[in-house]
Amino acid sequence: MTPEERDDELLDEYLKGDSEISRLYRRDAGEQPGAHLDARILSQARREADRKHRVVHSPFARHWMVPASLAAVMILTVSVIVLVPDPALDTGAPPDTGLDAPDAVRMSDEKEEGATVESMPAPASAPAPAESRPRREQAFEAKDADRQRAGEAVGKPSEKRKSAAERDDAPRAESAAPSAGAASMAAPAALEEAARAPEAIPARAVQDDPRRWLRHIEMLVEQQFADQAGDSLRAFRARYPDFPLPASLAPLAESLDAERR
Amino acid sequence: MLEYRDGNADAFEVLYTRHKGGLFRYCLRHCRERGAAEETFQDVWIRVIGARHRYEPRAKFTTWLYRIAHNRVVDHYRSDKSGRIRSLDDEESEHEPAANPGDEPEGRVMAQRQAARLRELVAELPPEQRDAFLLHEEAGLGLDAIAEVSGVGRETAKSRLRYALSKLRTALRDEQ
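Quick mapping for you: the protein sequence lines, in order, are chains A and B.
Position one of the first sequence corresponds to residue 1 (this note's numbering), numbered consecutively onward.
Position one of the second sequence corresponds to residue 1 (this note's numbering), numbered consecutively onward.
Next up, chain A with everything else stripped away, as it sits in the complex:
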């Protein structure tokens, strides 16, 4: 047996834990840290555990705290953008419209676009205020003035009509936001498009709500887009043949009937 092999054998015996060297080393080898050191370290550990534990309650919370916070902020932001009405377009309509809660929420959007609530076949408990139209027009004018100051479409003869079309389509783009994630980002583009030529057929979100669609047609009539109003009413009646039309659209409906005859 070579000296190296002998050393290896001794090493193996030593590693098994019952060697003379180990017994000798451990004899009287009982040095311990002082009690003051124990107290200091343990109190530090306890303080850290308490502090961290107050902030982070569990590994699950620790892992998901940041993503959950980001998601909550995004949901809140989108909700605020979609649901909060523009104070510049507040018509001062009474809150009680006789509708159920979801409809009432939608109505708050519709008030923005200057909806002709008073001309709808709405319940009698939802009278429109007499001054709503002048106030709405004032709001429109204020918005137009802002836009002119921003240098948009200055000096164009059809400015008023374009602005009205913008107002009509803005809620459409916003109402599509929850279903199409990037719709709120596309809202300015939609406004530009609408400013050039109002569309007869409104956005799908408006199409799905016959009352909103009727208000869209009324807006077209009001802004003297007769062709678009006619096309839109035709499409409306094809989809909602039995839905009662407001009195304001009766002349347009009669003219369509006459054309058909």
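Since the hints were derived computationally from the structure, they do not count as laboratory data.
Where a beta carbon is used, it is the ideal one built from N, C-alpha and C, also for glycine.
Treat the hints with care, as some may be off.
[Claimed, not checked] With a straight-line cut-off of 25 Å between C-alpha atoms, the simulated PhoX-like cross-links for lysine-lysine are: (1) B:K60 - A:K16; (2) A:K16 - B:K158; (3) B:K20 - A:K16; (4) B:K60 - B:K158; (5) B:K20 - B:K60; (6) B:K167 - A:K16.
[Claimed, not checked] Here are a few chain B residues that sit away from chain A, every Cβ distance over 10 Å (derived from the structure): (7) R54; (8) P57; (9) R58; (10) T62; (11) W64; (12) I68; (13) R72; (14) V74; (15) Y77; (16) S79; (17) E124; (18) A147; (19) G151.
Since chain A is already given, all that's left is putting chain B on it; use the hints.
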């Protein structure tokens, strides 16, 4: 450690009680002075407390603990201005002769019992060999764990331990 990581302070006390003796002696054998050993020992535990969120049960807690202690001891050797202590991570020092026994009062060395003499001999070992010996004696680590803690290969750890044992046996035999 996982329980302590999740906020159970009592779990830390269990760990501390289990490991404090061995870890303190590991620090004491390296630092040689009780004051420096206590400072090192406390710093190791503070690092354990601070790093508990990074603790993953990939290795035994003992291995993780002594890895921190080993790094702290390396810092201690590096910061030693006297030059009395050679660097623990200096490979060239591995085969150098042990420290001069004359550093200790001769009468006291002669009066000590055999066990105390062994501890003196451990203190005279080159730092890397001493580290390997202490990691086995105080932490109960095997060759693989010693290699992991020291950041070296298994054969290097084995060589260090073999040299340490050989020197200790030879010294004890010569004194008998």
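Comparing the hints with the structure gives:
For the hint linking K60 of chain B to K16 of chain A, the alpha-carbon distance of about 19 Å falls within 25 Å, and the restraint holds. Taking the CA atoms of K16 of chain A and K158 of chain B, the gap is near 14 Å; set against the 25 Å cutoff, the hint holds. With a C-alpha separation of about 23 Å, the suggested pairing of K20 of chain B with K16 of chain A holds against the 25 Å cut-off. For the suggested pair K60 of chain B and K158 of chain B, the alpha carbons sit about 20 Å apart, so the restraint of at most 25 Å is met.
This hinted pair checks out: K20 of chain B and K60 of chain B have alpha carbons roughly 16 Å apart, not beyond 25 Å. For the hint linking K167 of chain B to K16 of chain A, the alpha-carbon distance of about 19 Å falls within 25 Å, and the restraint holds. Distance check for R54 of chain B against chain A: the nearest CB is about 13 Å away, which clears 10 Å, and the non-interface claim stands. Listed as a non-interface residue, P57 of chain B keeps its Cβ farther than 10 Å from every Cβ of chain A; the least gap is roughly 13 Å.
For R58 of chain B, the condition that its CB be more than 10 Å from all CB atoms of chain A holds, with the nearest at approximately 17 Å. Every Cβ of chain A is farther than 10 Å from the Cβ of T62 of chain B; the closest lies at roughly 15 Å, confirming the non-interface assignment. At roughly 16 Å, the least C-beta separation between W64 of chain B and chain A is larger than 10 Å, which holds for a residue marked as non-interface. Every C-beta of chain A lies more than 10 Å from that of I68 of chain B, the closest at about 14 Å, which supports listing it as non-interface.
Against chain A, the non-interface label of R72 of chain B holds: every CB pair exceeds 10 Å, the least being about 14 Å. Listed as outside the interface, V74 of chain B is consistent with that label: its C-beta sits roughly 21 Å from the nearest C-beta of chain A, beyond the 10 Å cut-off. Every CB of chain A is more than 10 Å from the CB of Y77 of chain B (nearest about 20 Å), matching its label as outside the interface. Listed as a non-interface residue, S79 of chain B keeps its Cβ farther than 10 Å from every Cβ of chain A; the least gap is roughly 20 Å.
Every CB of chain A lies more than 10 Å from the CB of E124 of chain B, the least distance being 14 Å, so the non-interface label holds. Listed as outside the interface, A147 of chain B is consistent with that label: its C-beta sits roughly 13 Å from the nearest C-beta of chain A, beyond the 10 Å cut-off. Every Cβ of chain A is farther than 10 Å from the Cβ of G151 of chain B; the closest lies at roughly 20 Å, confirming the non-interface assignment.
Hint compliance for this structure: no hint is broken.
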